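Make the full structure from the sequences, and use the hints.
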Amino acid sequence: MADTKQELANLQKRIADAKIPDSTETNFRMLTWNVRNFNKDKEDRAISYISEVCKNFDIIAIQEVKDSLGGLEKLQRALGTNYRFLFSDASGNSERLAFVYDSNKVQFTGLAAEVVMAPGSGKETVKPELEFDRTPYMASFRVNGCNFILVTVHIYYGSGSAVQYRLGEIKNIAKYLKKSSADTDALDSDYVICGDFNIESVHAELKKSKSASKDILNDLFGALQSQGLVIEQDIQNSPSNLDKTKHFDQIGYMKYPDSTIKFVKGGVIDFIDAVYIGDPKVKFKLTDHLPMWAVFSTTPDKNPKYINP
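Residue 555 in the numbering used here is what sits at position 155 of the sequence shown, and the numbering runs on without skipping anything.
There may be inaccurate statements among the hints.
[Said to hold, decoys possible] Dumping the calculated DSS-like pairs for lysine-lysine here, alpha-carbon to alpha-carbon at most 25 Å: (1) K646 x K681; (2) K681 x K405; (3) K644 x K665; (4) K685 x K405; (5) K455 x K419; (6) K455 x K683; (7) K578 x K702; (8) K644 x K419; (9) K665 x K419; (10) K405 x K683; (11) K578 x K665; (12) K440 x K405; (13) K575 x K662; (14) K505 x K702; (15) K419 x K505; (16) K579 x K705; (17) K419 x K662; (18) K646 x K685; (19) K683 x K646; (20) K455 x K662; (21) K702 x K662; (22) K705 x K655; (23) K419 x K646; (24) K683 x K644; (25) K644 x K685; (26) K655 x K575.
[What the hints assert, rightly or not] Have a look at the derived ranges for each label pair, beta carbon to beta carbon: (27) E514 x S468: 11 to 21 Å; (28) Q633 x K575: 20 to 30 Å; (29) P657 x D585: 17 to 27 Å; (30) Q627 x D585: 11 to 21 Å; (31) V630 x D467: 30 to 40 Å.
Hints listed in this document are in silico derivations from the structure and should not be mistaken for laboratory results.
None of the values given here were measured: they were computed from a predicted structure.
Beta carbons are placed, not taken as given, at the ideal position from N, Cα and C, and that holds for glycine.
Rendered as structure tokens:
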């Protein structure tokens, strides 16, 4: 029988080993985590581990929340009511995206929306925009008088020729971030994006082959960076699948001269052999992704939009 108490202690040590900077009034600690098939059937043991990780962060983005909200209900009970939840409607694969934030430190400032590309009218002379299979979700927050917009994604995976669709989604979200961060009508210009991008590698290590789909895998990370998105080396050096061979998850941000957020540090929390020890079904019972984190320092905005001050 599993010793949940001992495994929680193991997990706490792994969290400490990650050397996450302490919470201060002028920073925010964020987490992104694809929690596989996160629904009402997620067992209490898994919820205890998920909440143990989440309570170390001010804002958490969760991917693969299923249509049923039972998993979020369990997490809410475990974290307490100071943690507030925002979530999208279900889209591709009956999945939602969610944000969880500690209301004792973080203020939600009003924007919560799904990202869609310009739809076609049926009269185009060029091909209409590709749409997202699982619609990205974004929300606006404030810490220390600093406003920023957090976007989370679960990019379509696809195999064979469908890998082209994965590349198209990554290109589109990169274009969206560049356009939105430069929009003077936007609530704020500081955009942070996180989530499961299904990126195989951050290096073009795959040799050219006769398979066009394999060649596309070389282009995924470059496509994400193609519009100026900054992905720091800490994140690039942090593979997030359980074998630690793939860079599926990423955290990036748009940087400009007057930016009021600054990347401090990032990485992953390695729970392998700390919880569900020896259980080959850990990827189903808990998840098949390591949680990825980043810490940003903040300075108050000089001329914020006067909305929900």
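Hints, verified against the model:
1. K646 x K681: holds, 19 Å
2. K681 x K405: Measuring from Cα to Cα gives roughly 20 Å; hence the hint holds.
3. K644 x K665: The hint holds at about 19 Å.
4. K685 x K405: Given pair K685, K405 holds - Cα atoms ~17 Å apart, limit 25 Å.
5. K455 x K419: holds, 15 Å
6. K455 x K683: Holds: K455 and K683 sit about 21 Å apart, inside 25 Å.
7. K578 x K702: holds, 22 Å
8. K644 x K419: Given that 25 Å is the threshold and the Cα spacing comes to 19 Å, the pair holds.
9. K665 x K419: Measuring from Cα to Cα gives roughly 9 Å; hence the hint holds.
10. K405 x K683: Given pair K405, K683 holds - Cα atoms ~20 Å apart, limit 25 Å.
11. K578 x K665: holds, 23 Å
12. K440 x K405: holds, 23 Å
13. K575 x K662: Answer holds: K575 to K662 is near 22 Å, not above 25 Å.
14. K505 x K702: holds, 20 Å
15. K419 x K505: holds, 21 Å
16. K579 x K705: It holds: about 19 Å lies between the C-alpha atoms, which stays within 25 Å.
17. K419 x K662: The hint holds at about 18 Å.
18. K646 x K685: Satisfied, since the Cα-Cα distance of roughly 20 Å is no more than 25 Å.
19. K683 x K646: Roughly 15 Å between the alpha carbons, so the hint for K683 and K646 holds.
20. K455 x K662: holds, 22 Å
21. K702 x K662: holds, 16 Å
22. K705 x K655: OK: K705 and K655 at ~19 Å, within 25 Å.
23. K419 x K646: Holds: K419 and K646 sit about 22 Å apart, inside 25 Å.
24. K683 x K644: holds, 13 Å
25. K644 x K685: holds, 19 Å
26. K655 x K575: Satisfied, since the Cα-Cα distance of roughly 14 Å is no more than 25 Å.
27. E514 x S468: 11 to 21 Å: holds, 19 Å
28. Q633 x K575: 20 to 30 Å: Distance hint for Q633, K575 holds at roughly 24 Å.
29. P657 x D585: 17 to 27 Å: The hint (17 to 27 Å, Cβ to Cβ) holds, given that P657 and D585 are roughly 19 Å apart.
30. Q627 x D585: 11 to 21 Å: holds, 19 Å
31. V630 x D467: 30 to 40 Å: holds, 34 Å
Hint check: no violations occur; every hint is consistent with the structure.
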